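Chemist: Sequences listed follow chains G and H, in order.
FYI, our numbering numbers position 30 of the first sequence as 30, with every residue one higher than the one before it.
Here our numbering runs 1000 ahead of the position in the second sequence, where the first position is 1.
Calculated directly from the structure, the hints in this document are not laboratory data.
Predicted, not measured: the structure shown is a model, and the values here were computed from it.
Among the hints, a few may not be true.
Simulated crosslink set (SDA-like; lysine to any residue; CA at most 25 Å straight-line) [said to hold, decoys possible]:
| no. | chain 1 | residue 1 | chain 2 | residue 2 |
| --- | --- | --- | --- | --- |
| 1 | H | K1129 | G | S175 |
| 2 | H | K1129 | G | Q35 |
| 3 | H | K1129 | G | K195 |
| 4 | H | K1129 | G | S262 |
Partial list, computed: chain H residues near chain G (C-beta under 8 Å) [as the list claims (entries may be wrong)]:
| no. | residue |
| --- | --- |
| 5 | N1002 |
| 6 | Y1055 |
| 7 | N1081 |
For every residue, glycine included, the Cβ atom is placed at its ideal position computed from N, Cα and C.
There are 2 protein chains.
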Amino acid sequence: MNLAQKLGYPANTKLLMIHADDAGLSHSENLATMQSLQSGIVNSCSIMVPCPWFYEMAQWTKQNLQFDHGVHLTLTCEWENYKFGPVLPVSEVPSLVDSNGHFYKKREQVREHAAAEDVRKELTAQIEKFLSYGLSPSHLDSHMYSVGSRPDLFEVYKELGRRYKLPVQRSRELSDMVGLDESNPIKPEAIPVDKVHIGDISYFEKGQLWDYYAGVFDDLVEGFNVILIHPAFDEQEMQGVTVNHPNFGSEWRQIDFDFFTSDFAKAQIARDDIQLINWTDIRNIL
Amino acid sequence: MNLAQKLGYPANTKLLMIHADDAGLSHSENLATMQSLQSGIVNSCSIMVPCPWFYEMAQWTKQNLQFDHGVHLTLTCEWENYKFGPVLPVSEVPSLVDSNGHFYKKREQVREHAAAEDVRKELTAQIEKFLSYGLSPSHLDSHMYSVGSRPDLFEVYKELGRRYKLPVQRSRELSDMVGLDESNPIKPEAIPVDKVHIGDISYFEKGQLWDYYAGVFDDLVEGFNVILIHPAFDEQEMQGVTVNHPNFGSEWRQIDFDFFTSDFAKAQIARDDIQLINWTDIRNIL
């Protein structure tokens, strides 16, 4: 049986999850994520534990456990002026931080510097802190897919999924994006996403991000589709967080929010051939 | 010779510093502090090292060392949804944090729980981190004057001033506010503020904070006056930081910004009997 059948749908169903990354990053990201989830079609999110606004998102989520929420395992901080680092003391995970004790900006730096044991300790601490707030994670995923930067780190990621009995997000496209050779057979407990749909800087730069999203519903495959978005508002805080970083910057994130709370998008997912699912559904059949 | 004379002014001069607390707290606080300093009459600030936006403020300050900047030593986090904790690992300063590893909200909790040795270690780490960013602190002061919550913590504060050869902000009024018995004679190296002028919640609630500020220039004493302000903007981020906390909330901070960048305020300090000074001037004669 394929995933659709296991979930009780015909084998050729187009399963779709619309997933908001990066909750906890900032107040703007939190508000936009909450409103996106409440709006209707965004049906999953994941939260960054090491970030300054984690506490607010955790408190809200604990009061709103009906919304699917996972751990957005974090090993990088890509921003110019807004910095965060490990949950653990830097002396315990020295290979994960720069000279100021912050996460590296790029996954290539994770690939170069990170000791697998430090990654295991830090990501375990992030999951344990998440659990200590009374949350009920539906899955694990990875900020900037940094866990895919080296095969041994990817093994840690899969190991954490087994240990905590949680699905881990993985897809061949994301692995290709980060240069991970996924030649090993995919193990049964790690359900791969069949197609990840994510905006690209080329669309954004040409002012075509909205159009890309408008067309994405025609581009779903049979199987498990995930649209990855980053809702936030194009206001002062988020402009500060993403300064000099138009890729997934505040303007981009405002478009994500606007589109996926729009009547147009809601009308699209009412099509007969699209079935919304989320990580909670998948966790429940594992 | 009194302070005015040591600085080269007549003995009866009304010395005035307009000082912005809480830089580093948020992006909003940072932008408003920078603009206040650049606007002209706000002539000193202090930066909170443990806060999420410290990095941004430190980078800007390093490029703008002409602006007087001190260390806003921090032992409390008074906000409901926005949390931060020690620079040191919580395991090294367990008496300073709640069960989530964040600073306590109130100085009374610092009084009850804080071990003096933990305060010494943490505040030293804050100063050392500040220095490691290439900054040149003019003074030390204390967020919410928490160092005044117990006499032994106040001794740590004065000790740090001696060790780093920096003036420490102290005033009889602030001590009275926090219930500190300052019966010990004031040591020569600790120059007390003769009068601290700070808004009160009663003015704010009656909509009279602007009027209070407009009158403060008529209320200066001969000697060392400090107006303590907290400039920020009444926008989404700051509303989130200060939610359910109108006392020094985002509306209050917007008034601080508006008033102390206004032409009215600038005209006031042009009076013949007011002499602007800051901590750098004082540090230089210590």
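Chemist: State for each hint whether it applies.
Modeler: How the hints compare with the structure:
A distance of roughly 38 Å separates the Cα atoms of K1129 (chain H) and S175 (chain G); the hinted pair therefore is violated under the 25 Å criterion. With a CA separation close to 38 Å, the supplied pair K1129 (chain H) and Q35 (chain G) exceeds the 25 Å bound. Under the criterion of a C-alpha separation no larger than 25 Å, the hint pairing K1129 (chain H) with K195 (chain G) is inconsistent with the structure, at around 45 Å. Pair hint K1129 (chain H) plus S262 (chain G) does not hold up; C-alpha atoms about 46 Å apart against a cutoff of 25 Å.
At its closest, the beta carbon of N1002 (chain H) sits 42 Å from a beta carbon of chain G; the interface hint therefore is violated under the 8 Å criterion. The criterion of a C-beta within 8 Å of any C-beta in chain G is met by Y1055 (chain H), whose closest approach is roughly 4 Å, and the hint holds. Hint status for N1081 (chain H): holds, given a least beta-carbon distance of 4 Å to chain G, under 8 Å.
In this structure, the earlier hints numbered 1, 2, 3, 4, 5 are contradicted, and the remaining ones agree with it.
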